[in-house]
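Chains as they are written, first to last, in our numbering: chain A, 2 to 333; chain B, 2 to 333; chain C, 2 to 333; chain D, 2 to 333.
Quick caveat, the hints were computed from the structure, so don't treat them as lab data.
It is possible that part of the hints are untrue.
Since the list gives no way to pick one copy over another, a pair counts as held whenever it fits inside one copy or between any two copies.
What the hints assert, rightly or not - Under the rule of at most 27 Å between Cα atoms (straight-line distance), these lysine-lysine pairs were calculated in the DSSO-like manner:
(1) Lys233 x Lys8
(2) Lys181 x Lys132
(3) Lys233 x Lys327
(4) Lys327 x Lys181
(5) Lys327 x Lys132
(6) Lys108 x Lys268
(7) Lys233 x Lys132
(8) Lys327 x Lys268
(9) Lys127 x Lys253
(10) Lys327 x Lys138
(11) Lys127 x Lys268
(12) Lys266 x Lys253
(13) Lys253 x Lys268
(14) Lys108 x Lys127
(15) Lys132 x Lys266
(16) Lys264 x Lys132
(17) Lys108 x Lys253
(18) Lys268 x Lys181
(19) Lys181 x Lys127
(20) Lys138 x Lys264
(21) Lys108 x Lys233
(22) Lys253 x Lys132
4 protein chains.
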Amino acid sequence: MAQVNFKEGRELDAIVLGRAGVDLYAREANTDIADISGFDKYVGGSAANIAVAINRLGGSVGFIGAVADDAFGRYVQGYMEQQGINLDGMMVDNSGSRTSVAFTEMKASDCDVLIYRNNASDLTLKTEQIKPTYLQKSKTLIVTGTALSASPSREATLLAMQHARRVGTVVVLDVDYRPKTWRTDVDASIYYGIAANLSDIVIGNREEFDMMETVIAPGNQNDDETADRFLKGQTKIVIIKAGELGSRVYCKDGHQFEQGIYKVKAKKPFGSGDSFAGALIWTLTHGGSLEQAVSNGSAAAAINVSGTSCTEAMPSREELETFITKFEQAER
Amino acid sequence: MAQVNFKEGRELDAIVLGRAGVDLYAREANTDIADISGFDKYVGGSAANIAVAINRLGGSVGFIGAVADDAFGRYVQGYMEQQGINLDGMMVDNSGSRTSVAFTEMKASDCDVLIYRNNASDLTLKTEQIKPTYLQKSKTLIVTGTALSASPSREATLLAMQHARRVGTVVVLDVDYRPKTWRTDVDASIYYGIAANLSDIVIGNREEFDMMETVIAPGNQNDDETADRFLKGQTKIVIIKAGELGSRVYCKDGHQFEQGIYKVKAKKPFGSGDSFAGALIWTLTHGGSLEQAVSNGSAAAAINVSGTSCTEAMPSREELETFITKFEQAER
Amino acid sequence: MAQVNFKEGRELDAIVLGRAGVDLYAREANTDIADISGFDKYVGGSAANIAVAINRLGGSVGFIGAVADDAFGRYVQGYMEQQGINLDGMMVDNSGSRTSVAFTEMKASDCDVLIYRNNASDLTLKTEQIKPTYLQKSKTLIVTGTALSASPSREATLLAMQHARRVGTVVVLDVDYRPKTWRTDVDASIYYGIAANLSDIVIGNREEFDMMETVIAPGNQNDDETADRFLKGQTKIVIIKAGELGSRVYCKDGHQFEQGIYKVKAKKPFGSGDSFAGALIWTLTHGGSLEQAVSNGSAAAAINVSGTSCTEAMPSREELETFITKFEQAER
Amino acid sequence: MAQVNFKEGRELDAIVLGRAGVDLYAREANTDIADISGFDKYVGGSAANIAVAINRLGGSVGFIGAVADDAFGRYVQGYMEQQGINLDGMMVDNSGSRTSVAFTEMKASDCDVLIYRNNASDLTLKTEQIKPTYLQKSKTLIVTGTALSASPSREATLLAMQHARRVGTVVVLDVDYRPKTWRTDVDASIYYGIAANLSDIVIGNREEFDMMETVIAPGNQNDDETADRFLKGQTKIVIIKAGELGSRVYCKDGHQFEQGIYKVKAKKPFGSGDSFAGALIWTLTHGGSLEQAVSNGSAAAAINVSGTSCTEAMPSREELETFITKFEQAER
């Protein structure tokens, strides 16, 4: 790809850094948590989802994160290993933290999600855990923003991004902003600003860019101006997602385009961002153009939200291609 | 009953103080958490279990505790209200705590239980929440020991016990000791000692009495000596449970007896203590003898462990009576 | 003494449990902290003050507490050892706590006191530190209430009181209530109630007894009723101090009397309670009557507040006797 | 000055951000803390020292920081106001924090310093407190590194540096590294790296640059290489201090020189860095050359360490000039 340069001959297409946890999906659809009979169990967490997405498409992927030394920690690790994800960067914490768990209703909208993250294991990731030799094995480092929300994970994340830059690994930031995990938007914007400037590619939606501009351009809603600002530093590609309206893509070299969405009936409102990022990076690291990458990202997102979980609904390469073909035929 | 005196004309048979939370039971039996497909959802927590047990048997029961201001908090409250449990003493905490959740395998032994209790809502109970007028409405106050494990719940619990004594409400302590929630056994023994001395009835197993004697009689394994020590203060009845071997019951007036268990094939190793306490107090507050109460407790425990959840497997009066009749016929 | 029984042949007259720290007194009298040139340095803290008071009068005294592993910790220990105070129960904490420091103006009233107690060393005292063999060496254990204000010092204090009772050591509670160190008065009253019931002698002022009665008799201002309530349990002597009005003393055996104060011009408003307690216990453990003890306590308090520090202004036996003689002559 | 550009017409020469607290100096020199009779009281703290240094030389200076709502907080504010320091950026915290206090022996070396910083007020500074309009009033923003050691002060500091850059205020980082306040050197280096890159001028000693290079060039002791690295980003001037050996100064434009020290007999080992920074920035903002600035800094440092406090020993312009003249005559 012209805009960013992936090092040849690296063992891994991507290392994803951030949260791997347990997703518990309401067994009955369109039913309140109080009224369901139980939950189906899956591995989840933004970073784990992205790793699985790349892996499912045939990419080789590694992981940096932390889980608890308990049954859920072992489950998450076992599942990821079984998929073939490299876990050399996975830390097991036994200080009393707990693997993150998300309980979710299965509704297309107004979906109640209950998150158990008091003393979450993923945020115990430490700088000691970050090895330049590991980062050097991969073409990209994909960071999900939740990893920035608390120390010591925050420092570990920034260190990983710095190391990645030094060893020629392309850095991708998936903003993934959860307001409740931060003291104020302003505090968040400081670390996101630092992280964005350490990234070659920044992916977020309009609300997330609003947060990142809360100090420097409060109230701005203009994507062009936003992209301009973020491309002034080290960032080479800015992708601003706008839900139903698709995505706007801006490159440092002036190249710019829009991509619509693959419209489907959603079963759940989450997982789309993670599958988008996963398919995007898989495409780019396999020689695809930025346009193909964003298109594949959108298709993968559509496939994912029509499935019943995040990790398990990630498409294979065949499923992705079939989906796009069918969709295009139907559109004619 | 001769040994303790229940006030006549009280609206409630019991108020239970402690933990109400969510139990998530492995859908597949005899399978590791990592390998199950999901969880069945129930209301649980020692105190909630006891409240449901009494309610199911036909008793009138109230509750003092705290849940989070979220879907699980609403679920727990909704379920308890639906059963007919009075929730005037239930606090809703919105400081960031989370309703306690227990994930459990379904195995008769070596059963992995994963507890999410970092910043647990039940331990946010405060002295402000404890009303003598509420305690005065009940014949008994049943305290589960977990409520003593941290401030401010610890102070609220001790205050409730003091108020209860002052308004003539019989106080019952179900020891329910979880070592991991305490700094040391010695620290635990201090508060359990204070609580036991505020209680008319103390129920625990041998290991729990060992902890309570860790300072005053380290190493003692003699039930008679233990009972002697605990009956010297204000306590009138001491019940020492010994699993398969049944229970030993000691009264301040010298009365003393043993009660065997109702042997059944267990599906899970928990819930027995809570059903025992519930049936015991229900029997006593409905005019039964201590012998009947302990027998009913043992039967209820047997019924509960052969069921697939704690709250839902609590027997009704009819089920309890049928079970005992059948068991006795089979024994002949 | 008739009311309490001191064991003969014990090495120490008293062990004092609680806070030993540094007192920094404004160098210039009647001047705001902002305007003084500096501070004079003394050892202080309620428990240390009481220990020094007994020691200065010729009593043999030990100490249970904790200081930091730093220059102030070493200073406090060095000073106390030099006085001849036994420090077998002194713990040195190196977890990052700091020895308590109090900065005070030198004014008879409206005296600003600035206390540095964030992560205070004395509150790191642990149950592991409490040895029955040490407590058995002493006729009395004197507990200052601050030690109850936080865990793990709270548990260590309650354990020491329990051990003391078991080995025949007379237990004295000097209430020493600091509202800011407690969540609410009600929470405080719970632990003070437990501690009072473990004490043979309880010493406090009217406001402190108000706090202790906040649940059981809110609004009560009647000393007779208060004493009645506290003498119902294990407590044998209740001393209610009323500043300028002197003290009221109540015994379980019905004996009761009042003691006026020795009126002097005060240089500072603190230290009086600690010298009172010290002289009282010294007198009692040396065969004095309760009347003599309270009189000596009042005289020691008068001497102390007319001095320029707490520890250094504690009177020797000769100073105490001379003061009383002179005072009585002047009164005639 | 050629290397950095100070905006004309600004009301203040500098705003200093960081710690203002109380310094308590041992009254007797060459004596251990345990053995001194008391302490002399001064305002201190790196940032306050620098502000006073500039003010004493005749500069106009403002302050951003936080003190407690108590006698020491009022003392610090009163003193600074009296000097004529603008306190529009000073926050008063009443959440239970305490103004930082440092107790120090008066020895030229092996000087024990005891710091009370558990829940220190200065570290409660928040982003809400940082106003671009205030920063715009000043030619420079001087940040002392301690302000980066914990949240929320860390975020407030980074935000102030970002705002300053945007409004054309020259940013100066005085590294001021205290290892004990950080989890690891690596964690510290991440934030110092970010801060250095936001700074026009970075001042530190060799050990401090070692910490900042702990990830990027571990083990490097070569000042030239260090300066090279730090001048690659936005930084325009790097000053590496080497104690007795003087300072090495490196500019982005290639200009480079060394400056020896003004050798004097020190009474205390602290205060030199703060007076150096203060005199340096005062000289630069008053039209002096970088060489004059570093020379004035060294002279001010020499004057300060031969005095008996930090703030009070800061020289006036006359004292500084007289000192340099006399020193040069003596050297001939």
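**OP:** Sort out which numbered hints this structure fails and list those numbers smallest first.
**Re:** Violated hints (numbers, rising): 3, 4, 5, 9, 10, 11, 12, 13, 14, 15, 16, 17, 20, 21, 22; every other hint is consistent with the structure.
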